[in-house]
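Trainee: The chain contents come next:
There are 2 protein chains.
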Amino acid sequence: MLTYSFDKAKGPMYLYLYKCIKNDILSGKLGPNEKLPSKRSFAQNNGISIITIQNAYDQLISEGYVYTLPKKGYYVAALDMMPGTAVDAKVDYDIKVPKEDVYECDLSSNRVNPDNFPFSIWTRVSRDVMSNMKEELMQISPTAGVMELREAIAEHLKSFRGMLVDPNQIIVGSGTEYLYGLIMQLLGREKKYVIENPGYKKLADIYKQNKIDFSYAALDDNGITVEELEKSGAEIAHICPNHHFPTGITMPASRRYEVLAWANGGRGRYIIEDDYDSEFRVAGKPIPPLFSIDACEKVIYMNTFSKSLSPTIRISYMILPVHLANRFYETMSFYSCTVSNFEQYTLARFISQGYLEKHINRMRLYYTKQRQFLMHIIERSALGDKCRILENDSGLHFLILLDTDKTDADIERSLRDKGIKIKALSDYYFADSTKSKHCFIVNYSNLDENRIKGTLKEIKNTI
Amino acid sequence: MLTYSFDKAKGPMYLYLYKCIKNDILSGKLGPNEKLPSKRSFAQNNGISIITIQNAYDQLISEGYVYTLPKKGYYVAALDMMPGTAVDAKVDYDIKVPKEDVYECDLSSNRVNPDNFPFSIWTRVSRDVMSNMKEELMQISPTAGVMELREAIAEHLKSFRGMLVDPNQIIVGSGTEYLYGLIMQLLGREKKYVIENPGYKKLADIYKQNKIDFSYAALDDNGITVEELEKSGAEIAHICPNHHFPTGITMPASRRYEVLAWANGGRGRYIIEDDYDSEFRVAGKPIPPLFSIDACEKVIYMNTFSKSLSPTIRISYMILPVHLANRFYETMSFYSCTVSNFEQYTLARFISQGYLEKHINRMRLYYTKQRQFLMHIIERSALGDKCRILENDSGLHFLILLDTDKTDADIERSLRDKGIKIKALSDYYFADSTKSKHCFIVNYSNLDENRIKGTLKEIKNTI
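From first to last, the protein sequence lines are chains A and B.
First residue of the first sequence: 3, per this note's numbering; consecutive thereafter.
First residue of the second sequence: 3, per this note's numbering; consecutive thereafter.
Just so you know, the hints here were simulated from the structure itself, not pulled from any lab data.
Certain hints may be false.
If several chains are the same, the list does not tell them apart, and a pair holds so long as it fits within one copy or across any two.
Below, in silico cross-link-like pairs of lysine-lysine (DSS-like), each with a Cα-Cα straight-line distance of 30 Å or less [what the hints assert, rightly or not]:
| # | residue 1 | residue 2 |
| --- | --- | --- |
| 1 | K101 | K160 |
| 2 | K360 | K101 |
| 3 | K24 | K160 |
| 4 | K73 | K388 |
| 5 | K459 | K408 |
All chains should be built: construct the whole structure from the sequences, respecting the hints.
Mentor: Next up, the structure:
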């Protein structure tokens, strides 16, 4: 008969007993198919209750250490397969996590300055949602996002972009990267894609990582050209016609129609139009997106709240042409929406109560001032004579051409050593990086006004 | 000289002028390469300011309708490519959005009852985060999620699951479906996958939609078998060993070691262990997950806060073995984390301040009571003699075997017509659906106590 001392037992008695028996099984003290004592006799022998033993046996059974034969009793399972060493084996390891460098001044960052996020209103709207929408918050969101948010986005697009969109064409997701993944599934992973060169580096990373066949198309001064699109042999073109990153090019109307005509030239051809910073075009009326002048259902429009609110709120959306929306609902409705209901409803209210419009107007003014301030400071600095600002008149960054003989990489490296992060335009070329030498990107969405003078001085001393 | 009447002008003057000129260009009234009046003479002629004209011209230039020649003036662009009809073309359309059926009683739902979500604490923690963590909230999250949340999850796993995990092994994402997508990229899309039959239907949908080569492996009473794994020829097995959905099977220890031994039998073999409802195993000590007894870095562990909090908060995580964590950081660090900082920090605080533990304990008690209540009601109902409850002793659902000659599909259909949603176990078989006839799933996570008696009566009358 098994006997255990319960003097040292910590925690529930049954758990202690379970561990004792399990240890004896693992150590071989109790052999395969050995009969365990009946609950009654075991209880009497050890002075514990039958319930305790029942619980311990049940746990051993559910983990497979013990089996039971009806009307016969409890037996030790055959554990031949069990590698005795694995249980307590430890793995030596060393995880190499990429380190975030910390900079005194980061001209490449698209972070939002915490002072500029509308915390008090966001908090208030969010609290209202949690108090008043408990039922909705617990209801599973449709794949495309909750209707209240999609209606609010449709309204916003109407007033801000002059776009007429059915809320059912809008698909909400946790970031544009996630939505790219959905598009690949929707249009076909086997298709050939083409992206702009220079362009958004992450896009190439995503296509590479997903083993998508893609190529690069060079731009001229008006953006991507039809010749390059044709040359690529691709069916899906991923472009940024309204304020190209990083060059700042706005594709003129004539080129837009050329590109649409290209898309119309093949049944499987589509354009993914990324309109990431449309809200912050500073001068003039924002240009109507390709999506709005596309009469043939060839354009998927993408936008995000990363620029208008913060990149740390992961909400983006895409607008599908009608036949693709139908294909999406038919084939991909099993997916869950990736944005929490809490934030979907908060954003919906934030938009429909007019706060987004107010916030964007405030930020437009702020960014215009930051832009002017920065250009003014540069012109008056010692760097002023050694550079030319390439003004593209919109967005949250401009380009600066430095008068230097050093390589872009050398300049980046020297400045990094001084705690300044700046990215060259040449970094955004996927091939032929001899182009656009000495041209650098200056983001001002999170400009530290106290450090900019020192930064400009360092740049001057470096080039 | 162009002359426009400004009497009817609404909104900014420059916008009106821009529209007038654009219309004349599009209608052909102004021909390609036609010179536009100088700003000065235009202004004098129309009695408006030069700035207004400058703004209108700038907008026309940025949209490509007009070009400028230095020291010469402004000219209409050649718009041969522009299909005149497209601008105002409308598309007739009809988007078919899948309709959500509404039921009187839904025994298939895994929704959380709004009364059970800890709204007041969640709101308080969320508000605290927004007041006190402005700087952190605006800082871009690492790809794997913010460290505070991953540390909190590691602590939680230690106390709840006895798991020892480095926070850097934890990758946070907006739902397990999203994380599956990352795993496909990490392990290789070209690999062959195998999933359990019966099993989680969405998993098959996801693999199909992503064009992944996968097959099904039948279960015996102890879960997936090594024979089936071998037969599948797959390298990656996606399994649910701790409380299989929908059968409720808990894989015993001996089988666990067999499955681990299978994984060790090939270099590229891995197990994805889905532990979706581990917190709610009702009786006994939860079984240690495969991940904890895996000494050879073969198991990816997945879990979610869908069950412990709500499926409408989209936060899940996976734990990677060390060498896969390193591969992840090397090759996939360019991805943004898909969960908003606001919810990451709220959840981190919610866990570290002990609220999750309290909530889980409260819910365990609640679900145990619901389970007992429901079993009691069933036994005492008229259905009691016509069914057998298959108790798997854990989780948020059990199975019920109905004494009937009707097909599962007929029963589902008849009940659907009466406003009752119930799913048969056979629905979760991917092939060979003759198995497990008359067995149905009863979820009690969102049980409507007022409707259950009526529902049971209807089931009785239907079978």
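Trainee: With reference to the structure, classify each hint as holding or not holding.
Mentor: Here is how each hint holds up against the structure:
1. K101 <-> K160: Between copies, since 26 Å is at most 30 Å while 42 Å is not.
2. K360 <-> K101: neither (37 Å within a copy, 35 Å between copies)
3. K24 <-> K160: between (67 Å within a copy, 21 Å between copies)
4. K73 <-> K388: Between copies, since 26 Å is at most 30 Å while 94 Å is not.
5. K459 <-> K408: Close inside one copy (17 Å), not across copies (84 Å); limit 30 Å.
Of the numbered hints listed earlier, the single one contradicted by the structure is hint 2.
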